[in-house]
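If you want this note's numbering, it's the position in the sequence shown, counting the first as 1, plus 2.
Simulated from the structure, these hints should not be mistaken for lab results. All residues carry an ideal CB built from backbone N, CA and C; glycine is no exception. Among these hints, one or two may not hold up.
As the list claims (entries may be wrong) - Here are the in silico distance ranges between beta carbons for each label pair: (1) E96 <-> S124: 53 to 63 Å; (2) W81 <-> R116: 46 to 56 Å; (3) A58 <-> A98: 58 to 68 Å.
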Amino acid sequence: MGVSEIAGGGEFMDLATTQARELGELQGQVKVLQERLAAADAVEEHLHIELDAARAEAADARAELKECQARSETRIEEWRARLEDMGARLTAAEAAQRQAEDERATVIAALGRRGRRQLDRSQAAAAE
3 MGVSEIAGGG
13 EFMDLATTQA
23 RELGELQGQV
33 KVLQERLAAA
43 DAVEEHLHIE
53 LDAARAEAAD
63 ARAELKECQA
73 RSETRIEEWR
83 ARLEDMGARL
93 TAAEAAQRQA
103 EDERATVIAA
113 LGRRGRRQLD
123 RSQAAAAE
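With these hints in hand, go ahead and build the complete structure from the sequences.
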């Protein structure tokens, strides 16, 4: 073996060492990327779980909202019916009050006429 063959062998060894080092670096990078990918997959799975939970909560909230709206509509209708009833009762009470005032005025007028007649009679009797 000559010197040139040994020197060529050294270059081969340098190249092999360089490539082995590059391969090691690449394997390290692949391992880091695999770990990052696994972490990203875990985060994605967690986010999917949270999204499913949020969707379920939203569905529950919509159902509860519908129930509340139905109860509110029922209460509104009850209040409207009560207001209509109270309005009708007020109208009836006002009509009864007007009728009572008219009857009172009629009675007072009748009593006034009767009193005048009696007064006229007693004055006529006193004059005779």
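Hint check results:
1. Taken as a hint, the range 53 to 63 Å is violated for the pair E96 and S124, whose Cβ atoms sit roughly 41 Å apart.
2. Between W81 and R116, the C-beta spacing of about 51 Å keeps the proposed range 46 to 56 Å intact.
3. Checked against the hint of 58 to 68 Å, the C-beta distance between A58 and A98 comes to roughly 60 Å, which is consistent with it.
In terms of the numbered hints stated before, the structure departs from hint 1 and from no other.
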